[in-house]
Amino acid sequence: MILRIEQDHHRFKQIIRGKIKQDLRKYISRGELIGRRGKDLISIPLPQISIPHFVHGTRQAGGVGQGDGEPGTILGAAEPENGSGQAGDAPGRHILEVEISLDELAEMLGEELELPRIQPRGKKNIVSEKARYRGIAHSGPEGLRHFRRTYKEMLKRSIANGTYRRSSPGPFIINEDKRYRTWRTTVLPETTAAVIYMMDVSGSMGEEQKEIVRIESFWIDTWLRHHYRGLEIRYVIHDAEAREVDQETFYHTRESGGTVISSAYRLALDITRTDYPPGEWNVYCFHFSDGDNWSQGDTQECVRLLREDLLPGANLFCYGQVESPYGTGQFLVDLKEAFADEERVALSKIENKDAIQQSIREFLGRGR
Amino acid sequence: MSLPPLLAGLQEEIEGHALSYGLDFFRVIFEVLDYRKINHVAAYGGFPTRYPHWRWGMDYEQLQKGYTFGLQRIYEMVINNDPCYAYLLECNADVDQKIVMAHVYAHCDFFKNNAWFSHTNRKMMDEMANHATRVRRYMDRHGVDKVEDFIDTCLSLENLTDPHSLFIVRERPARAREEETRPAVRRLKSKEYMRDYINPPDYIAREEKRLREDAEKRKAFPEEPVRDVLRFLIEHSPLENWQRDILSIVREEAYYFAPQAQTKIMNEGWATYWHSKIMTEKCLTDAEVVDYADHHSGTVAAHPGRLNPYKLGVELFRDIEDRWNRGRFGKEYEECENLAERTAWDRNPGLGREKIFEARRFCNDVTFIDNYLTEEFCRRHKMFVYDFNPKTGLYQITSRSFREVKQKLLFQLTNRGLPFVEVADGNYRNKGELLLRHRYEGVPLRQDYARDTLRNVQKIWHRPVSLATVVEDKPRIISFTGESFEETDVGDQVA
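Line by line, the protein sequences are chains R and F.
For the first sequence, position 271 matches number 271 in our numbering, and the numbering has no gaps at all.
The number in our numbering is simply the position in the second sequence, starting from 1, with 368 added.
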């Protein structure tokens, strides 16, 4: 049941996020609740909106209290009137902000970037069946007889018709007393998705470029996880040849050497073919590189691989070109030429961290 | 939903005890709710339905977060209605439920018998639901944003009420006024030749002028300053019907809740007094004593530097009971200056119980403190006055003198601690503008809020509005024309 308050709550949150009623924004104060988690103090953000009233200026007001102390005893610092925070004087209190849930984050991301919700592909969703014992019936196999219920029924019946004897309560079970467990099957549509991240780790990709990839892939993960219940993520790195790695290695490897992009695409293709048949999975491929491929011939090979093998099985193929001082950036131009009106290909140029937002919008703005 | 048998049994038991002590209440209906529902109801101020508004959502979030992180939970909630509805939190231990029930019966007795509640609507449960329906209908018709914005505007003014107006007639009906004949200047009887001497012409002229001016003044609109600003706005602002209705809904609800704010200390004190009495004298089992003591002390805990209304209230009621039981009141006692005699004073009239019932019937927090806060009490409970020290930016204790403590406390409680703002002129500058006056009592208004509130008054009045107040010890008039603010210095004649 959705409580009425949920609607009010939703509206309040929208105001806090600045989605509606901007004129209330100036009355928002960032309050907090101080809680405890284990030994640590934590701060639970508690935004409040105070509607203006005619009130006394608080600082001048003072008040009445109770307790020890002489005139002149200090009770505490005043709360800053306009939220102009200053350094506290209480030492050694580490306050941790409680992070908001990833789901909430995804929702905010979606709202902020105006991303459309993802439409999982066609009727390829897996439908899973789940059986659960959740009922009682008058008939059924003896193996599922519910002894306690049956016994209770017997007691009820015998008390009702007066044959109950305290000294020997039974069991005198007749067929009408018998109760059986029954099960119900529920059909759960289940959409599953796989993400394959590919990254160029050739010598020209520096720390800054990887940082960009990290941030961007975090947001992509968050968004996709929000839409799919099971999300599998695979990581591929490549220089002159490609290999599959774990997340840690993916983000932290730096190699030197040439760049043969087709090697990565070929590996991605292998992964999808073996593990994610397109009939059952929504496959997303993201490739980040500085766009400096080894040879034009390899680029042709990449285009062919994409068009003929990778794209038919994927929801979306995204290529993000991270600007680097060494690359020529030719690869993006080539892809643009080859896939000018292909819906399933999203291309983006990420010049610096500020461009990440725009790039996410380009990648995920298609609602696929 | 009926109560589980265990709780129903407890209710019957505690109701019996409450009745035997002489408490007198509406029928009480308890509902057991889980924490989510109880937070839901609490966010709505104790009612199952309210009109849609984001601020309930804000309160709800606070309650939910407080509960989820184990910082706070609601033990009891009771609403002033006939029958009285009270809520129990499902996961509370039985001893807590007992405390809550005893507490609730006392609250309910207070609602029913305290004079300040006598004008509240006892069918508020239904009324609130009606308000919700009306507001929803307006939202369907005029759009959620438009209606909600207007509610925001009204809520900004919701404290501009006059709870005392329910008990006294502030203005005489128009007819009575008209019947008054206009008085002429009285002339003393005199011989013709003495006339100018006995009734000097310049004096007569002066008097005539004064009477004329008086009559002129009487045409002022409103004739007397109006404290119930909301009512004045409802009656005289150019509003659409739905807006007028919403403003009156906000006003009605404000008046419904006003006595609860006016009697916070008494109400909680009374309930705490009785739950402790009923629990400790009647229905506590041996196994429950420790839990009870723990929770009761939590309720009346005095945080350093803060005043707990539960604590102050219950201690005052106990003090009154003790004083009237021992006869420590009246001229003879007051004038006794022998400390030893005073300390040992016990005439044993046994009037304590009777006296606290009297106080609960007639007092609100202001008169309660005014009548019953004594110097001994103040000293015994270590009360002090604190103030903000602008030099250090800290709050400091300034005094422990009884006179100052009492004065500060009364000042904070008067008009629920809010500034007095009244309608001074509904035809200001003879241009149909509105002039509000802040009755300055030594504490200035919070300026940014005052301006924003003024902006909201203008949204309702439509014509320019002004506020006469005092800024930095100088009388000032702040005006808002609808587009911009202007602040003018005024001489003493206006403020």
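Rather than coming from a laboratory, the hints here were simulated on the basis of the structure.
Every value quoted in this text rests on a predicted model; they were computed, and no experiment measured them.
Beta carbons: idealized from backbone N, C-alpha and C, even for Gly.
Mixed in with the good hints, there may be bad ones.
Partial chain F-side listing against chain R, Cβ under 8 Å, derived [unchecked claim]:
1) L439
2) A669
3) M751
4) P787
Chain R residues, not near chain F, derived (Cβ > 10 Å throughout) [claimed, not checked]:
5) I5
6) F12
7) K13
8) L46
9) I51
10) H53
11) G67
12) G72
13) E129
14) A131
15) T182
16) G206
17) H227
18) V333
19) D334
20) G365
Each hint tested on the structure:
Among the interface hints, the one on L439 (chain F) holds; its C-beta lies about 5 Å from the nearest C-beta in chain R, closer than the 8 Å criterion. Evaluation of the A669 (chain F) hint against chain R yields a violated restraint, the C-beta minimum of about 11 Å exceeding 8 Å. Given hint, M751 (chain F) at the interface with chain R, holds; its Cβ is 5 Å from that chain's nearest Cβ, closer than 8 Å. Evaluation of the P787 (chain F) hint against chain R yields a held restraint, the C-beta minimum of about 6 Å falling below 8 Å.
At roughly 5 Å from the closest C-beta of chain F, the C-beta of I5 (chain R) falls inside 10 Å, breaking its exclusion from the interface. For F12 (chain R), the shortest C-beta to C-beta distance to chain F comes to about 3 Å, within the 10 Å cut-off, and the non-interface label is violated. The beta carbon of K13 (chain R) sits about 7 Å from the closest Cβ of chain F, which is not more than 10 Å, so the claim that it is off the interface is violated. With a least beta-carbon separation of about 6 Å from chain F, L46 (chain R) fails to lie farther than 10 Å from that chain, contradicting its non-interface assignment.
Residue placement check: I51 (chain R) does not keep its beta carbon more than 10 Å from all beta carbons of chain F (closest about 5 Å). Remark: the non-interface label on H53 (chain R) conflicts with the geometry, its nearest Cβ contact in chain F lying 5 Å away (cut-off 10 Å). Chain F draws G67 (chain R) into its interface by the beta-carbon criterion, the shortest separation being 5 Å against a cut-off of 10 Å. With a closest Cβ-Cβ approach of about 6 Å to chain F, G72 (chain R) is found to fall inside the 10 Å limit, against its non-interface label.
Non-interface status of E129 (chain R) relative to chain F is upheld: no Cβ of that chain comes within 10 Å, the nearest being about 31 Å off. At the 10 Å boundary, the C-beta of A131 (chain R) stays outside the reach of chain F, the nearest C-beta of that chain being 29 Å off. With a minimum CB-CB distance of about 28 Å to chain F, T182 (chain R) clears the 10 Å threshold, and the non-interface call stands. With a least beta-carbon separation of about 42 Å from chain F, G206 (chain R) lies farther than 10 Å from that chain, consistent with its non-interface assignment.
Annotated as non-interface, H227 (chain R) keeps its C-beta farther than 10 Å from every C-beta of chain F; the closest such distance is 25 Å. Distance check for V333 (chain R) against chain F: the nearest CB is about 47 Å away, which clears 10 Å, and the non-interface claim stands. Its beta-carbon lying about 49 Å from the closest one in chain F, D334 (chain R) satisfies the requirement of being farther than 10 Å from that chain. Non-interface status of G365 (chain R) relative to chain F is upheld: no Cβ of that chain comes within 10 Å, the nearest being about 27 Å off.
The earlier numbered hints that this structure contradicts are 2, 5, 6, 7, 8, 9, 10, 11, 12.
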